[in-house]
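Peer 1: Single-letter residue listing:
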Amino acid sequence: MEYFIELLFSGLTRGAIYALIALGYTMVYGIIGLINFAHGEIYMIGAFTAFIVSTVLSILGFPLLAIIVLAGLAAAVWSSAYGYTVEKLAYKPLRHAPRLSPLISAIGMSIFLQNYVLLAQTSDFQPFPELIPEFDFMEPFVHIVGSSDMVILVVTTLMMVGLTLLIKFTRIGKAMRATSQDRKMAMLVGINVDRVISATFIVGSALAAVGGLLIASHIGQINFFIGFIAGIKAFTAAVLGGIGSIPGAVLGGVILGLTESFATGYVSSDYEDVFAFSLLVLILIFKPSGLLGKAEIQKV
Amino acid sequence: MISFEELKRSFLVSLWFVFLTFPILVIKANPIERTIIWRWENMFFVAIGSFVLSILIRVVNTQKTKRLERRSASDSDTTTSEPLIQVILQNPRYLYPLAGAVTVFALVFPYLFDTYQTNIMTTALMYVVLGLGLNIVVGMAGLLDLGFVAFYAVGAYSYALLNAHFGIGFWMALPIGALFAASFGIILGFPVLRLRGDYLAIVTLGFGEIIRLILENWNEFSQGPSGISNIPRPGMFGIELSLEAAILYIYYIMVALVIVTIFVVNRLQDSRLGRAWIALREDEIACQAMGIDKTKTKLTAFALGATWAGMMGVIFAAKTTFINPASFTFLESAIILSIVVLGGMGSILGVIVGALVLILLPEYLRALSDYRMLAFGAILVVMMIFKPQGIISNVRRTYKYQKQKSGDVQ
Chain F
15 MEYFIELLFS GLTRGAIYAL IALGYTMVYG IIGLINFAHG EIYMIGAFTA
65 FIVSTVLSIL GFPLLAIIVL AGLAAAVWSS AYGYTVEKLA YKPLRHAPRL
115 SPLISAIGMS IFLQNYVLLA QTSDFQPFPE LIPEFDFMEP FVHIVGSSDM
165 VILVVTTLMM VGLTLLIKFT RIGKAMRATS QDRKMAMLVG INVDRVISAT
215 FIVGSALAAV GGLLIASHIG QINFFIGFIA GIKAFTAAVL GGIGSIPGAV
265 LGGVILGLTE SFATGYVSSD YEDVFAFSLL VLILIFKPSG LLGKAEIQKV
Chain Y
4 MISFEELKRS FLVSLWFVFL TFPILVIKAN PIERTIIWRW ENMFFVAIGS
54 FVLSILIRVV NTQKTKRLER RSASDSDTTT SEPLIQVILQ NPRYLYPLAG
104 AVTVFALVFP YLFDTYQTNI MTTALMYVVL GLGLNIVVGM AGLLDLGFVA
154 FYAVGAYSYA LLNAHFGIGF WMALPIGALF AASFGIILGF PVLRLRGDYL
204 AIVTLGFGEI IRLILENWNE FSQGPSGISN IPRPGMFGIE LSLEAAILYI
254 YYIMVALVIV TIFVVNRLQD SRLGRAWIAL REDEIACQAM GIDKTKTKLT
304 AFALGATWAG MMGVIFAAKT TFINPASFTF LESAIILSIV VLGGMGSILG
354 VIVGALVLIL LPEYLRALSD YRMLAFGAIL VVMMIFKPQG IISNVRRTYK
404 YQKQKSGDVQ
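Those protein sequence lines, which keep their order, are chains F and Y. Quick note, the first sequence lines up with residues 15 to 314 if you use our numbering. Quick note, the second sequence lines up with residues 4 to 413 if you use our numbering.
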């Protein structure tokens with residue numbers, strides 16, 4: 015039973031991170047209908063920025079709290095800047111091109127960013143400083159759920175609530191919803207669609223950056239390649255929940271996290287990634303609209 | 004020519020990139036030794052580089068709009084002259100001697116250069132065939148296949164395993180590997196082909212990774228990450244070949260295969276099937292309305308593409324005599340995709356040129372080889388934005404009406 019609860023929590027933690035990244039995929043897809051293949055790389059860049067900033071600050075002797083706040087901020091700022099730039103450089107010129115062109119461009123961007131970080135930093139795994147301390151009040155539960163699991167769950171929940179509020183109640187959120195329903199109509203009623211798209215990329219990238227920071231400090235090491243697998247898994251989560259749907263991304267993330275955790279816990283850990291990929295293939299084949307998504311109707 | 008406003012804008016762009024690349028390019032922190040290295044020179048390069056690039060793009064863009072304006076002003080009166088390459092391609096008088104010269108050069112190549120060069124050339128030729136295979140799927144049928152390397156792996160492993168367990172030789176394995184890969188293409192293609200373009204891309208990527216992960220983890224079957232070694236080189240009527248002779252032999256096998264592939268793909272392009280692929284790429288629904296069997300047509304594209312990949316897999320295994328799952332990652336698929344995209348989707352000559360450029364250039368410019376993958380990524384983006392039809396675009400065979408001269412209008 016204890017093992018079960020341990021797996022449950024580790025699955026929830028994973029799922030929460032997948033959900034954070036999946037939100038970026040789903041928001042972008044909802045608005046411009048593009049699989050933002052480079053999103054995993056944005057997450058990786060967020061983790062790297064956090065790694066660099068926190069290492070520098072800890073060498074300079076800053077207190078832990080300041081390091082956490084500054085590293086988180088830097089990760090969010092730079093990831094958003096990368097997300098914004100990638101959109102402007104690689105996707106915006108292709109907005110009216112055939113559907114596969116922006117996808118190929120996105121794949122190119124993803125390879126480019128991976129190798130950019132590889133060349134600028136190093137290909138080795140880097141030890142990520144432990145930013146989340148062990149809390150005293152977690153002491154009695156520490157054998158089932160660690161402090162960092164708890165922090166991840168709380169932070170991701172807060173982020174998701176924040177995102178929901180942003181989309182439901184703010185002006186830009188309303189504009190996002192309008193744009194995702196009908197881009198042309200949104201333009202006609204005076205919404206600056208370009209700005210909405212940029213905002214979507216910025217918000218999605220910031221979420222991914224927070225995910226990157228949390229998972230890097232949870233696992234304790236990073237390298238340039240972490241974005242690829244995480245990106246595909248988060249994409250799986252987004253598709254599972256129904257791409258374009260925000261609650262769907264969260265649901266998909268949690269289901270994927272739990273599936274992986276139980277499958278590796280009870281079946282075999284060798285095939286950890288195979289489970290995720292198989293799940294992705296199966297959903298796309300049998301229910302491409304996902305759990306909460308709307309089926310796309312093709313009109314002639 | 005360049006206004007002050009434009010200079011200011013380029014300056015801002017360069018400032019933005021300096022900010023963007025600051026933490027990753029400039030700072031290098033080592034958490035173990037607790038040292039920080041500040042690489043300010045990188046910041047300088049980024050600033051200059053992005054400024055120059057931004058100016059360049061602005062100049063090119065203004066000239067493009069000027070040219071377009073001029074053209075629209077003088078209307079479509081002037082017939083645009085065809086580029087030289089298309090003239091050569093369409094006129095057998097130039098094409099055949101040229102093709103002959105290239106073939107002769109390919110045949111004497113090993114005698115002009117040393118073994119090392121021949122080896123590199125063999126690799127480049129393998130990518131030519133791989134590119135042509137993927138070109139059937141991506142270029143002609145318009146199905147973005149990101150798991151192409153899976154078929155390559157199937158070919159390589161079928162030779163390695165059949166040889167290890169049953170002692171099957173290279174020449175037997177070549178068709179068997181191709182057949183296995185084609186069957187995999189059909190098995191994989193059957194469920195996924197009703198998916199829409201971008202989903203299809205992701206599913207094929209997923210399949211590619213699944214196959215690699217299975218090869219990596221199923222130790223009893225594929226010996227896991229340590230791979231299979233001591234795969235025999237191709238035999239020639241039972242004669243033992245020295246290493247140099249074997250390299251030469253594989254080179255000639257590759258040249259022959261390239262010629263066969265070009266011939267087959269070229270014939271396919273204008274066949275009923277090839278035209279069905281191109282039609283399917285342009286508009287699926289219209290295609291179905293015209294009575295083309297969508298599933299069958301797509302499946303043949305998948306299977307044919309996979310066939311070439313399977314054959315190349317067998318050759319790869321025979322050439323390197325050692326294979327492991329690390330040779331079949333997603334990056335390999337991405338390289339082949341870059342070849343097709345750079346060369347021009349659907350264009351045979353384009354893919355050949357693309358493969359030679361992308362594989363040979365990093366080999367000869369060793370200094371650049373570190374930046375190889377960076378360049379491949381950039382190529383995909385830049386080509387999509389500036390020249391989606393590739394460096395040598397495919398011109399469909401069409402009949403042209405002779406325009407009546409304005410003089411002899413009755």
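A hint or two may mislead.
Once the Cα atoms are required to be at most 25 Å apart in a straight line, the calculated DSS-like pairs of lysine-lysine come out as [what the hints assert, rightly or not]:
1. LYS297(Y) <-> LYS106(F)
2. LYS106(F) <-> LYS67(Y)
3. LYS301(F) <-> LYS11(Y)
One side of the interface only, derived from the structure: several residues of chain Y facing chain F at Cβ under 8 Å [said to hold, decoys possible]:
4. ALA32
5. ILE265
6. PHE266
7. ALA337
FYI, nobody ran anything at the bench for these hints, they're computed from the structure. All values reported here derive from a predicted model rather than from experimental measurement. By construction, the Cβ of each residue, glycine as well, lies at the ideal position given by its N, Cα and C atoms.
Peer 1: Look at each hint and say if it fits the structure.
Peer 2: How the hints compare with the structure:
1. LYS297(Y) <-> LYS106(F): violated, 32 Å
2. LYS106(F) <-> LYS67(Y): Cα-Cα ~19 Å, so holds.
3. LYS301(F) <-> LYS11(Y): With Cα atoms ~51 Å apart, LYS301(F) and LYS11(Y) exceed 25 Å; violated.
4. ALA32: At about 4 Å, which falls below the 8 Å cut-off, the nearest Cβ of chain F leaves the hint on ALA32(Y) intact, so it holds.
5. ILE265: With a minimum Cβ separation of about 24 Å from chain F (threshold 8 Å), the hint on ILE265(Y) is violated.
6. PHE266: violated, 28 Å
7. ALA337: Because about 6 Å separates ALA337(Y) from the closest Cβ in chain F, which is inside the 8 Å limit, the hint holds.
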